[in-house]
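Position chains B, C, D, E, F and G against the provided structure of chain A, taking the given hints into account.
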Amino acid sequence: MQGQAQQQAYDRGITIFSPDGRLYQVEYAREAVKRGTASIGVRTSDGVVLAADKRSRSPLMEPTSVEKIHKADDHVGIASAGHVADARQLIDFARRQSQVNRLRYGEPIGIETLTKEVTDHIQQYTQVGGARPFGVALLIGGVENGSPRLYETDPSGTPYEWKAVAIGADRGDHQEHLEENYSDDLTLEEGIALALEAIAATAENGTIAPDGIDVATVSAESERFVELSNEDIEEHLVANDLLATEDEDDESDEE
Amino acid sequence: MQGQAQQQAYDRGITIFSPDGRLYQVEYAREAVKRGTASIGVRTSDGVVLAADKRSRSPLMEPTSVEKIHKADDHVGIASAGHVADARQLIDFARRQSQVNRLRYGEPIGIETLTKEVTDHIQQYTQVGGARPFGVALLIGGVENGSPRLYETDPSGTPYEWKAVAIGADRGDHQEHLEENYSDDLTLEEGIALALEAIAATAENGTIAPDGIDVATVSAESERFVELSNEDIEEHLVANDLLATEDEDDESDEE
Amino acid sequence: MQGQAQQQAYDRGITIFSPDGRLYQVEYAREAVKRGTASIGVRTSDGVVLAADKRSRSPLMEPTSVEKIHKADDHVGIASAGHVADARQLIDFARRQSQVNRLRYGEPIGIETLTKEVTDHIQQYTQVGGARPFGVALLIGGVENGSPRLYETDPSGTPYEWKAVAIGADRGDHQEHLEENYSDDLTLEEGIALALEAIAATAENGTIAPDGIDVATVSAESERFVELSNEDIEEHLVANDLLATEDEDDESDEE
Amino acid sequence: MQGQAQQQAYDRGITIFSPDGRLYQVEYAREAVKRGTASIGVRTSDGVVLAADKRSRSPLMEPTSVEKIHKADDHVGIASAGHVADARQLIDFARRQSQVNRLRYGEPIGIETLTKEVTDHIQQYTQVGGARPFGVALLIGGVENGSPRLYETDPSGTPYEWKAVAIGADRGDHQEHLEENYSDDLTLEEGIALALEAIAATAENGTIAPDGIDVATVSAESERFVELSNEDIEEHLVANDLLATEDEDDESDEE
Amino acid sequence: MQGQAQQQAYDRGITIFSPDGRLYQVEYAREAVKRGTASIGVRTSDGVVLAADKRSRSPLMEPTSVEKIHKADDHVGIASAGHVADARQLIDFARRQSQVNRLRYGEPIGIETLTKEVTDHIQQYTQVGGARPFGVALLIGGVENGSPRLYETDPSGTPYEWKAVAIGADRGDHQEHLEENYSDDLTLEEGIALALEAIAATAENGTIAPDGIDVATVSAESERFVELSNEDIEEHLVANDLLATEDEDDESDEE
Amino acid sequence: MQGQAQQQAYDRGITIFSPDGRLYQVEYAREAVKRGTASIGVRTSDGVVLAADKRSRSPLMEPTSVEKIHKADDHVGIASAGHVADARQLIDFARRQSQVNRLRYGEPIGIETLTKEVTDHIQQYTQVGGARPFGVALLIGGVENGSPRLYETDPSGTPYEWKAVAIGADRGDHQEHLEENYSDDLTLEEGIALALEAIAATAENGTIAPDGIDVATVSAESERFVELSNEDIEEHLVANDLLATEDEDDESDEE
Amino acid sequence: MQGQAQQQAYDRGITIFSPDGRLYQVEYAREAVKRGTASIGVRTSDGVVLAADKRSRSPLMEPTSVEKIHKADDHVGIASAGHVADARQLIDFARRQSQVNRLRYGEPIGIETLTKEVTDHIQQYTQVGGARPFGVALLIGGVENGSPRLYETDPSGTPYEWKAVAIGADRGDHQEHLEENYSDDLTLEEGIALALEAIAATAENGTIAPDGIDVATVSAESERFVELSNEDIEEHLVANDLLATEDEDDESDEE
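Chains as they are written, first to last, in this note's numbering: chain A, 1 to 255; chain B, 1 to 255; chain C, 1 to 255; chain D, 1 to 255; chain E, 1 to 255; chain F, 1 to 255; chain G, 1 to 255.
One chain only, chain A, in its complex shape (with noise of 0.2 angstroms):
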């Protein structure tokens, strides 16, 4: 490990090796994932769930527009946790990647394929000079071939296939939430549920407001990504007990 003095001198400029190798503005975007507020996946027999914990500066500002769950093809949604204006180009870039693989082969791009051509395109950003890194991590959710499939991308350009994951604030408490309850069997109902008790596990009061949550998933029969309604949303939280009251959040533009 490096002292504060030593570590100053490799986190400046272009991203290069430190003495110990490694890559310090990689590890400072990463610590920007964490200053976001959490995403969750559960991949699930018949489906994938997608769900952000998402915060308003005020009550005046849209939900929408506090969203932090996209839809990038009609088969795939995107979850966030880190930088805003860095997840809205790379999903930006994945859903032009796949509107390309559907002109170009007639059919909806793997969600593997989609996810290295997303993590291609970050790894870049940590090579070659002139940028700084991606401050996002991001889980890729969809239907390929009728299974379903969850992956994550992190500030390095590396990509991950998860059950289950967690991103964001938190990561550690809510990553071990799904491990303890995560089952191989469970239902896409089953997988909203595990979703929302994670995020709720760190919430205050273990409770959740509905407008304070983006909940999407895309089944394995359908192959649709469908964001659900604060209603739908709402009666999740009751049939699991975890409905709470609004609550209110500090300025921040990582989410």
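For the record, the hints were derived by calculation from the structure and aren't laboratory data.
Glycine included, every Cβ here is placed at the ideal spot set by N, Cα and C.
Among these hints, one or two may not hold up.
[Unchecked claim] Stretch-level coverage of chain E by chain G, calculated; a stretch enters the list once three of its residues show a Cβ under 8 angstroms from a Cβ in chain G: (1) 63-75; (2) 114-122; (3) 125-134; (4) 142-152; (5) 199-208.
[As the list claims (entries may be wrong)] Calculated lysine-lysine pairs in the DSS-like style (CA-CA distance at most 25 angstroms, straight line): (6) 54/B - 54/A; (7) 71/E - 34/E; (8) 54/E - 54/C; (9) 34/B - 54/B; (10) 71/A - 116/B; (11) 116/A - 71/D; (12) 34/C - 54/C; (13) 116/A - 34/A; (14) 116/D - 54/F; (15) 116/C - 71/C; (16) 54/B - 116/C; (17) 71/D - 54/D; (18) 54/B - 71/B; (19) 71/C - 116/E; (20) 71/F - 34/G; (21) 71/B - 116/C; (22) 71/G - 34/G; (23) 71/G - 116/F; (24) 116/G - 71/E; (25) 54/D - 71/F; (26) 54/E - 116/G.
For chains B, C, D, E, F and G alone, kept in the frame of chain A given last:
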């Protein structure tokens, strides 16, 4: 000049992550926003209101020369806070995007679409080297398919949608005033009053001079951007008991 | 406010934001403007007046060689304060824009349009790396659709419209003089007198030598830029009791 | 040898020589390799074996997502140690080169040719500015004209050919194990056993879990890259008395 | 590789503003001018005189090799003070501009036009990064439409028109001599005498050796650049009682 | 001569001159050469001999993989000392130049011509920014028009022609041995012996293992590059009483 | 004059002006010239003589390999002092310019023209960023229209014409010798003797070995560059009583 600039950037204090995951140049650009005089947006059911505090360096300066609210297209207005010259670049960018949209699709650009094209443009200046971020926040207000919409862009390139929002100096106080007094059933007239009250709340003596403020509206019915004349503004100020005499101010290129 | 040492970190290389949201290179360029001799513009109902204090390094220097007022087009004049070589670049830029406008649209360029094309050009040099800002302010005066117009451009790239304005050395005193003595019903002759008085107010003995000053007008009627001869200037100085003998000055490339 | 302070001067920005003729960025990239989990290659008379230690951050991560051995072409496999995202770039580069060779010459690319194209690519990143070196070492194994071949690439861009080699964490211990136990007449089965034993030698309890390891072969006869299933690996572990239960590991983007 | 390298150079001690609005690199370039031996220009009613002090490092150096006055076109001569190699670049630039003018318009280039093309070229090197300013001042003298004209260019890229002017070492003393002795009704012969006297005034013993000086004229009548022979110069020196014996000087690349 | 501290200022980033006229990056690149194992060239009347000390990091490394002598064309061989990956780039460059020469002129490239093309390439990397110098020296040996020729290239890009020369570690001792024992009437066999003796002179016990050395020749008669087999080398070692057992060596990317 | 510490700030990276108007990188490049062995040029009425001191690192180095005088064209020779690899670049540049001239105009290039093309090339490297200056001085000697001409180029890119001149180590002493002994009526033979005497004057024992020196001539009659053989040189040394035995020298890349 853009292409050339991207090549130039290989070892400057370009916008990079700090060890705790922050982008200081972006945060400093936010300070430039706070140095500017306030702008306020209010969305009502029958239209959007933009109001901006403006200060003249001298009684000999033409009031229009310190205008802080600009027409981006027939149905869209933009107010700004922060570095004036930067604001002008972004407003011109928005105007060009609006025109391109009309040419390509034969219809007015959507307010959200316009906002996201502007924020994509802003984000590039925070990630790719060779340029500094834009030191300005914008309020983009207009009507889309008959519905009033109000967006904010910040120096990180993040778009937010609002019912009512303040940017620039005294944002905290202004936003608090909006939150306490906003209701979903405001008329456009009441929206104007709310915006004026918010600005007056932090003004000396709690009053405003008509030529110290810009007000513009886009009504849901007309879908037309309209700037209020000094006489109109004075009527509103009188009606709300906010009328003051002229004030003076120090030299600054943040407004 | 920043300490001396911290400030230094933000004023080198590319123009970037300081922690309190300032662009030091732009502020330093404003200092270059203050180092230049004064220029004054006065807009009257029947025309615009530009007057400029000029100093010769030697009695052997040709007076025209230190001219500070230039014709940009038949109907537009430009006065400057600050770095002379920079001023020449911007004036040439303005001339080219004026010619292009005539070629494209078959009509003289608007004064506001011209000003904004110049300020857009200036702003680029404050945001994109690889060059320093322009160290000069301009007064652009002319007639547009029969109406006299007077604009100022500053090193940040912000345009201002004025009734009467001073740039360069002693701006504070000059502007105060203008504010105290300006009235909307000035004739062009009275405008010339006002400008000369303002300059004389800070001159030694309160008087001016004819070859120590440039004066030009664009009258609303003729829409033609006219430079006053030394004899004309002398008449105005005599009439206003401001005539002095020749003065000398130190070497400087700011005027 | 340089002291600590002097060393710091030579490891920033572009890759340059230190006074004693070293390239610190390249040496630091080698540290990134050592931070990664081990990969081992063994060449036998009837084929090449690649084996890689892999660790999962969580039991919920898909084992395939941490795969460290990749098929580059029908007859070539690549194992890596170090920065995962960098490895993926080089493996993609190798795949493209393989495809280009088939298109141009209608035959599979030679293992040595492929290795040298990869190392040329790596060397460029150590000499020309604007990018950092690749923080990864590769083992490239395959069959060329019926003969098994095994190469290593390091971050300097040097290719080495080996009978048996280890890269990544604990390289010293692994290589020692290989040197003591390698013989030229190993069968492919025995080669697999040797690779597993080497990895197990530094593992906790000297045993390995089947899903904690990747194994692949290219046999001289088939000239086909084949990844062993978990069941196959388990059989090999049982047969060599190396079978363990699952282990867990900390988060890292070096593998 | 050349092209690439030129792009990379934009981050170094580029010419920027100091906190008090000065451009130090330009001011330092002015020091380079002062380090050079003097050149003097005198405009008379019937022609322009250029005279230049020159020093040889050794009696074996060819006098022509230290010539400081050059023919730019049939009707234009240029004298310089400062960095010799830079002077040669600008003189070549001036020659090319003169030739281009003849080709385009079929007539000799105006002296003012030529000067401004040179100063525009110089200014670019003070604003755009990747190069240092020119460390040289020029005197451009010639005849335009029958009238003698004399211009100075300085390292900032500012043009000045003069009746009589000195650049280089001892400028202050030389200019003072010119101011005290210049009159508008000088003949060309008297102009030559004035220039020689000015140089002699600061020389050792107040005398000049013929081969220690260059003199050239462009007469209004001939409109032809003519260099005086050593014999001609000697005659002028004798006639004005300024003749000295040879002097020697130290090595320098400023002249 | 510079002190330690000042020296540091001149050896970073681009290759520039120190106050005493030295290019430190080039000198440091020479240190990289000295870190490499030795190569020796001997020119005899009937051919050129290249011999190179080589070390393997492990008995499992293929001897060919540490080959230090390469065929550049039928009639040219190249030995190297220093940074291996750099050597490979230059050798590839030499091969391409040789092929181009055959294509253009239908004949083998001259040894001097080839050497100078290589040194021109090397020099560019010492003068133009954006890359470091090559950290390697080469011996280029071959036959041109029936005459054996032997050249050295160094990191500054200077070519030298030799009768016999050593590069790399212990150059001083090796060269001394060559100078004391070289004579112009050596046969090719005697040249091989001389090269082996020189290397053995600094080896442990004064003996060499056949697989610890590369030897190649280009005879004047055949004009063909020939690498000696281990058996051939062993015969030579036995004949000269220099045969040793295998040695081992530490890890290094300089050879 | 600057202190030691301030000076350091102006001699790094790109070539820029110091506060007292100096270009340190150019001055340091001149130091590189002084580190090289001497070259001397003498112009006589019937031809030009070039002579160069050269030193071999070892008796095994081919004398031709340290040649310091090169043929640029049939009628032009070039001697150098300073960084050898830089000299080779400039000599190649001169050769290409000579060939281009023959192709374009069907006649040999003028010596002055050639010199100025070389110095223009050198000057670019002192003003535009991304490269260091050339660390070498050249003597360009030849015959133009029947007249012998002798030029010097220095690292600033300034051309000088000489009757007789020395560059490199001990320039002061050599030049003094030339000044004391040169006369305009020297024959070519006497010119050779003068050059040899000058070099011998600073040599050990005041004598020179034939293989420690290069001598070449371009006679006015033949207009052909001729290198003297060792035998010819020896005859001249004997005739002038300057013959010595072989000397040795230390390793250096300046000659």
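Outcome of the hint check:
Residues of the region 63-75 of chain E lying with their CB closer than 8 angstroms to a CB of chain G number 3, which satisfies the three-residue condition for coverage. Only when three residues or more bring their CB closer than 8 angstroms to a CB of chain G does the claim for the region 114-122 of chain E stand; here the count is 0, and the claim is violated. Against chain G, the region 125-134 of chain E contributes 7 residues with a C-beta closer than 8 angstroms to a partner C-beta. That satisfies the three-residue criterion, and the hint holds. Given a C-beta distance limit of less than 8 angstroms, the hint that chain G covers the region 142-152 of chain E is violated, as 0 residues qualify and 3 are needed.
Requiring three or more residues with a Cβ within less than 8 angstroms of a Cβ of chain G, the coverage given for the region 199-208 of chain E is violated, as only 0 such residues are present. For the proposed pair residue 54/B and residue 54/A, the alpha carbon gap of about 35 angstroms is over 25 angstroms, so the pair is violated. The hinted pair formed by residue 71/E and residue 34/E meets the criterion: a straight-line CA distance of about 23 angstroms does not exceed 25 angstroms. The suggested pairing of residue 54/E with residue 54/C is violated, with an alpha-carbon distance near 34 angstroms, which exceeds 25 angstroms.
Between residue 34/B and residue 54/B the CA atoms are separated by roughly 14 angstroms; this keeps the pair inside 25 angstroms, and the hint holds. As the CA atoms of residue 71/A and residue 116/B are separated by approximately 16 angstroms, the hinted pair is consistent with the 25 angstroms bound. Distance hint between residue 116/A and residue 71/D is fulfilled; the C-alpha atoms sit about 16 angstroms from each other, no more than 25 angstroms. With a C-alpha separation of about 14 angstroms, the suggested pair residue 34/C and residue 54/C falls inside the 25 angstroms cut-off, and the hint holds.
The suggested pairing of residue 116/A with residue 34/A holds, with an alpha-carbon distance near 22 angstroms, which does not exceed 25 angstroms. The hinted pair formed by residue 116/D and residue 54/F meets the criterion: a straight-line CA distance of about 20 angstroms does not exceed 25 angstroms. At most 25 angstroms may separate the alpha-carbon atoms for a hinted pair to count; residue 116/C and residue 71/C meet this at roughly 18 angstroms. For the proposed pair residue 54/B and residue 116/C, the alpha carbon gap of about 20 angstroms is at most 25 angstroms, so the pair holds.
Distance hint between residue 71/D and residue 54/D is fulfilled; the C-alpha atoms sit about 17 angstroms from each other, no more than 25 angstroms. Proposed proximity of residue 54/B and residue 71/B is supported: the alpha carbons are some 17 angstroms apart, at most 25 angstroms. In summary, the hint linking residue 71/C to residue 116/E is supported, as the alpha carbons are separated by about 16 angstroms, within the 25 angstroms threshold. Restraint check: the Cα-Cα separation between residue 71/F and residue 34/G comes to about 40 angstroms, which exceeds 25 angstroms; the hinted pair is violated.
Between residue 71/B and residue 116/C, the direct Cα distance comes to roughly 16 angstroms. Compliance with the 25 angstroms bound is thereby established for this hinted pair. A distance of roughly 23 angstroms separates the Cα atoms of residue 71/G and residue 34/G; the hinted pair therefore holds under the 25 angstroms criterion. Proposed proximity of residue 71/G and residue 116/F is supported: the alpha carbons are some 16 angstroms apart, at most 25 angstroms. A hinted pair counts as satisfied when its Cα atoms are at most 25 angstroms apart, and residue 116/G with residue 71/E qualifies at roughly 16 angstroms.
About 41 angstroms separates the Cα atoms of residue 54/D and residue 71/F, which puts this hinted pair outside 25 angstroms; it is violated. A C-alpha spacing of about 20 angstroms is found between residue 54/E and residue 116/G, which places the hinted pair at or below 25 angstroms, so the restraint holds.
Checked against the numbered hints listed earlier, the structure breaks hints 2, 4, 5, 6, 8, 20, 25; every other hint is satisfied.
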